[in-house]
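Participant: In case you want the letters, here they are:
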Amino acid sequence: MGKSWTVGQQIAAGFLLPLLILITLGTFSYRSTQRLLATTEAVTHAHEELTGLSGFLSALDETETGKRGFVITGREDFLQPYYTGKKGVGTELRQLEELFRDDADQNERVKHLRPLVEERLREIDETIDARKSLGFDAALKLVLEGNGPKVMEQIRRIVAEMKTHEQKLLTERSTEAKQAAAWLSQILIFGTLAAVLIVAGVAVFVTRGLGARIGAAVQHIRSAAAELEAAATQQVRGAKGQVSAATEVSTTVRELVTTSRQISESAQRVTQVASETALAAKGGNQTVEGAQGAIDTVRRQVDQIVTHMLDLGRKSQEIGGILDIVSELSEQTNILAINATIEAVGAGESGRRFGVVAGEIRKLADRVGGSAKEIRRLIEEIRAAANTTVMATEDGAKAVEAGTRRFGEVAQSFRRIVEYVGSTAEASREIELSTKQQTSAMEQVASAIADVAQTARESETGSSQTLNTASQLSGLSGDLVRLIRQRQEEQAA
Amino acid sequence: MSVRSQERDKPGDGAPLPESAIAAVRHVAELRHAFDASFAAPPRHAEQSGELVLAIRAGGQGYAIRLSDIDGVHECRRVVPLPGSPPGLLGITGIRGRLFAVHALGSLLGLPMWTETPRWLLIAGGDEPVALGVASIEACLEVNPADLLPALSTKDGAGHIREIVTLAGQTRGVLVLESLVALAKQRAGERREEAP
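So the protein lines, in turn, are chains U and Z. In my numbering, each residue's number is its place in the first sequence (first place is 1) plus 2. In my numbering, each residue's number is its place in the second sequence (first place is 1) plus 666.
Quick caveat, the hints were computed from the structure, so don't treat them as lab data. Watch out, some of these pointers could steer you wrong.
Claimed, not checked - Partial pick of chain U residues on the chain Z-facing surface, computed with a CB cut under 8 Å:
#1 ASN336
#2 ILE337
#3 ILE340
#4 ASN341
#5 THR343
#6 ILE344
#7 VAL347
#8 ARG364
#9 ASP368
#10 ARG369
#11 SER373
#12 GLU376
#13 LEU380
Unchecked claim - Output of the computed footprint for chain U on chain Z, the stretches with three or more beta carbons under 8 Å from beta carbons of chain U:
#14 696 to 703
#15 733 to 739
#16 800 to 806
On a predicted model such as this, the values are computed, not experimentally measured, just so you know. Glycine included, C-beta positions come from ideal geometry on N, C-alpha and C.
Please work from the sequences and hints to get the whole structure.
Facilitator: As structure tokens, then:
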């Protein structure tokens with residue numbers, strides 16, 4: 003038996019030969035049994051035929067018995083056997099025809115019986131009718147003159163032939179039955195012995211082959227079980243580490259979820275603060291724009307002040323020109339008064355009063371001159387003040403210009419602040435939404451990690467079970483190895 | 667100008683005026699009061715009047731001249747220079763139909779800055795008057811004769827100062843016009859004698 007055959011093929015091959023023997027033995031047994039049954043049935047059939055022939059003769063004898071009783075007694079009640087026999091003769095004759103249908107000789111004899119039986123029954127009927135109608139003598143005459151005994155003799159002869167024939171067949175069939183039974187017994191005895199021997203040989207051969215192969219397989223299983231045990235141990239350690247890691251990750255994820263919620267709340271507060279800041283910045287922007295408008299007004303007023311001050315300077319210059327004339331006139335007047343005084347002194351006593359008047363005029367001219375000088379000084383101061391004011395106003399205008407630019411920059415800064423704060427609010431809203439989504443995702447991750455941890459714990463449990471199973475498998479493989487070695491040693495011994 | 671600024675410009679309202687403006691307003695009020703008072707003062711008698719002197723400036727120096735020493739004061743308008751005239755003789759000018767030789771007073775006094783353009787001409791010299799050019803006539807003041815004090819030194823003014831007087835806190839020398847006119851005529855005469 004080749005080593006490349008599988009265990010199933012080896013077992014199938016081991017069972018194939020006994021199976022063929024059993025099939026052959028069964029076939030022969032079946033055929034012998036069938037033959038025995040057929041012979042037995044033929045014997046039974048022959049017995050039935052013999053019984054039918056006997057019943058036929060008995061029924062025919064009853065008709066004769068009834069006829070004789072009626073003829074002798076004339077009483078109707080003696081005809082009862084006649085009726086019963088006549089009916090039984092018909093029935094038995096049909097059964098004989100049925101029973102001997104497969105036997106041509108016997109069938110031919112049954113055909114010869116039927117006219118004889120009819121003739122016999124007709125003669126009996128005529129006798130009975132004659133007894134009934136003509137009385138005993140007529141009936142006796144018919145009995146005496148009739149050929150009833152001949153017909154009956156022929157019938158008995160044919161029935162005897164048929165019985166003889168049946169007896170012969172019965173003997174032959176019995177012999178065949180005995181032979182078949184003996185043949186069946188021999189087949190059963192010797193076939194069973196041969197089958198037992200062959201099955202035992204095949205069993206030994208298959209057991210040895212399978213024992214070697216199963217032993218090798220069990221060795222492999224043992225080593226595989228050891229490896230599986232080591233792998234299961236490692237898997238248990240890995241599962242424990244996985245459980246620990248999953249637990250740590252789950253804890254970390256829960257902390258992350260908490261942190262993410264705090265971030266979301268902070269982002270919400272930032273959004274609120276940014277919105278309030280945006281409103282404040284818009285208010286500041288409006289205030290700055292209002293202040294810028296006021297500064298523009300101030301700038302226009304400063305320009306008007308500068309214009310007015312320049313006009314004031316020009317007017318002061320014009321006043322100075324007029325004042326020059328006044329000064330010159332007062333100087334001329336003073337000179338005229340001096341000359342008048344000189345003339346009055348020259349006029350002597352008469353000019354003394356005129357001199358007084360001239361002196362008054364001179365004094366007045368001096369005062370006018372002094373006033374003119376004072377006015378000039380004042381005008382110069384006014385012009386200086388106007389110039390200073392113009393310069394200061396121009397400086398103020400420049401400062402206002404600078405302030406306007408500053409306010410423009412401030413307004414621009416406020417607008418940028420509004421934009422930036424709007425962007426900040428939008429970004430914080432996006433951060434808030436993203437953080438909420440992140441929180442939801444982290445919660446899902448936490449749930450998934452919890453599932454992973456649960457799965458890891460289940461894996462740890464399964465690995466432990468696997469380890470136990472591997473240990474048990476290793477033990478079983480060891481037991482199998484020991485059993486196989488013991489068996490081989492026993493066989494070797 | 668806004669109403670607020672107009673209200674601010676009103677005196678005594680809003681911000682206080684600066685010191686200079688207050689002094690100017692006070693001075694104007696004093697001038698007005700003096701001007702009005704001059705018309706309300708009683709006429710003074712001629713006997714009660716003091717000596718009238720002119721405060722002048724010539725050659726960069728201030729001097730005083732008795733008003734009684736001059737014959738008139740006129741504005742120096744146009745002076746026609748004379749060819750070959752000595753230093754100090756600016757030329758001749760016409761006043762009210764008469765010709766006057768114009769001498770620089772600073773030059774007669776020997777001052778180095780006599781070349782200034784004269785603003786006024788002082789007429790002096792009696793029958794043969796000359797015109798003395800001065801830079802300015804600062805004032806015409808009446809002084810008490812007791813305030814005219816003899817000059818201790820005659821070096822200043824090349825001997826043409828015999829008295830000093832204090833005018834408006836400044837001491838000035840009172841010029842003697844006779845010697846100055848004589849000096850001017852002398853210089854003009856020397857020039858006339860030098861002419862062929």
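Participant: Against each hint, give a clear statement of whether it holds in the structure.
Facilitator: Hint check results:
For U:ASN336, the interface hint holds, the least distance from its beta-carbon to any beta-carbon of chain Z being 7 Å, beneath 8 Å. Evaluation of the U:ILE337 hint against chain Z yields a held restraint, the C-beta minimum of about 5 Å falling below 8 Å. Contact between U:ILE340 and chain Z, as hinted, is supported at the beta carbon level, the nearest pair being about 5 Å apart and thus within 8 Å. At about 5 Å, the closest approach between the beta carbon of U:ASN341 and any beta carbon in chain Z falls short of 8 Å, and the interface hint on this residue holds.
Given the 8 Å rule on beta carbons, the hint for U:THR343 holds: about 6 Å separates it from the nearest Cβ of chain Z. For U:ILE344, the interface hint holds, the least distance from its beta-carbon to any beta-carbon of chain Z being 6 Å, beneath 8 Å. Given hint, U:VAL347 at the interface with chain Z, holds; its Cβ is 6 Å from that chain's nearest Cβ, closer than 8 Å. For U:ARG364, the suggested interface contact is upheld, since its CB lies about 5 Å from the closest CB of chain Z, less than 8 Å.
Checking U:ASP368 against chain Z: minimum C-beta separation of about 6 Å stays under 8 Å; hint holds. Evaluation of the U:ARG369 hint against chain Z yields a held restraint, the C-beta minimum of about 6 Å falling below 8 Å. For U:SER373, the interface hint holds, the least distance from its beta-carbon to any beta-carbon of chain Z being 5 Å, beneath 8 Å. Evaluation of the U:GLU376 hint against chain Z yields a held restraint, the C-beta minimum of about 6 Å falling below 8 Å.
About 5 Å separates the beta-carbon of U:LEU380 from the nearest beta-carbon of chain Z, less than 8 Å, and the hint is met. Coverage of a stretch by a chain is defined here by at least three residues with a beta carbon nearer than 8 Å to that chain's beta carbons; for the stretch 696 to 703 of chain Z and chain U the count is 3, and the condition holds. Given as covered by chain U, the stretch 733 to 739 of chain Z passes the check, having 6 residues with a CB less than 8 Å from a CB of that chain where 3 are the minimum. Under a criterion of three residues with beta carbons nearer than 8 Å to beta carbons of chain U, the stated coverage of the stretch 800 to 806 of chain Z is upheld, 3 such residues being counted.
Comparing the model with each earlier hint shows no violations; every hint is respected.
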